[in-house]
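Modelling step: build the complete structure from the supplied sequences, incorporating the hints.
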Amino acid sequence: MSFDMPFRVPAPVRMAHKNRIPYLFLEKGILRVDGHCLLLCQAESAIEIPGSMVSCLMIEPGVSVTHEAMKLCGENGTLLMWVGEGGTRFYAAAHAHQDASRVLRQAAIHTNQRERIAAASRLYGLMFDDHMPPSFTIEKLRGLEGSRVKEIYVNLADKLGMVWQGREEKSALNTSIGFATSCLYALCEVAILAAGYHPGIGVVHSGNPRSLVFDLADTVKFKTVVPLAFEIAATSPSNLNMAVRHGCRDLFSRESMFETLLGHLENIFGTDHDCHD
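Under this note's numbering, the first residue of the sequence shown carries the number 819, and numbering increases by one thereafter.
Note that these hints are calculated values from the structure, not bench results.
Keep in mind that the hints are not guaranteed to be accurate.
Claimed, not checked - The list that follows gives simulated cross-link-like pairs (lysine-lysine, DSS-like), each with its CA atoms no further than 25 Å apart:
| id | residue 1 | residue 2 |
| --- | --- | --- |
| 1 | Lys1041 | Lys977 |
| 2 | Lys1041 | Lys968 |
| 3 | Lys958 | Lys968 |
| 4 | Lys977 | Lys988 |
| 5 | Lys958 | Lys1041 |
| 6 | Lys968 | Lys988 |
| 7 | Lys889 | Lys846 |
| 8 | Lys988 | Lys1041 |
What follows is the structure in structure tokens.
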């Protein structure tokens, strides 16, 4: 096996993303190149990764990436994203020549009132397992969402024998909810970029660089990280942030959250969710 390749001929045809492995999480090692393959070199082994057969590589803490590996990923149209452990943080992304068709579809829905309300209705169904009344506007949906969310917080607190005093209160519970939500936002942003959408073009939310992140997070937040945050806060851990981060990491893995989020994007926008094809 040779790591020093003085000359490398790019593959003449890229494999379509619909035929690739959607994503891989990489942890601990050096990502380098051997011929047309990527190698994750670890202490006692080297894992061969056919770069042209993977759409997205999630670079977790402990991984270094060589210049040649970056170059090969660019040639193959492979998205690189630097994330926290288990996808609980999103730091940066590197991608060349990304297809814009999904962003155009996303923008078309955002600027067409009828299509946007239809997309919001699908999003609402994912949030609450219920149908949004057909006469609702985006503004009415926001109001209904607010009342439903308040009810969820009160019910979760009652189940654990806690008193809910609102999100404005400075408490360990609200700290736990905030940190768990930020972990979910990171995973949502990774999913959005991996699927070829723009984080700033939302359906219900608008006017924020992470509008779609907030929309996508809302589809799962009150079934996953918010109940988890309540449960962790109820145990009064010595290191609350660490307990929440580890809890979110395990939850994301156990519930296959990344795949779920990709499916929700497909549902909301009516497109195939294969990564940035």
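Okay, the hints, checked on the actual structure:
Between Lys1041 and Lys977 the CA atoms are separated by roughly 14 Å; this keeps the pair inside 25 Å, and the hint holds. Taken as a hint, the Lys1041 and Lys968 pair is honoured in the structure, with Cα atoms around 14 Å apart against an allowance of 25 Å. Restraint check: the Cα-Cα separation between Lys958 and Lys968 comes to about 16 Å, which is no more than 25 Å; the hinted pair holds. With a C-alpha separation of about 21 Å, the suggested pair Lys977 and Lys988 falls inside the 25 Å cut-off, and the hint holds.
Pair hint Lys958 plus Lys1041 holds up; C-alpha atoms about 22 Å apart against a cutoff of 25 Å. Of the supplied pair hints, the one linking Lys968 and Lys988 holds, its CA atoms being roughly 17 Å apart against a limit of 25 Å. With a C-alpha separation of about 20 Å, the suggested pair Lys889 and Lys846 falls inside the 25 Å cut-off, and the hint holds. Of the supplied pair hints, the one linking Lys988 and Lys1041 holds, its CA atoms being roughly 23 Å apart against a limit of 25 Å.
The structure meets every hint from the earlier list without exception.
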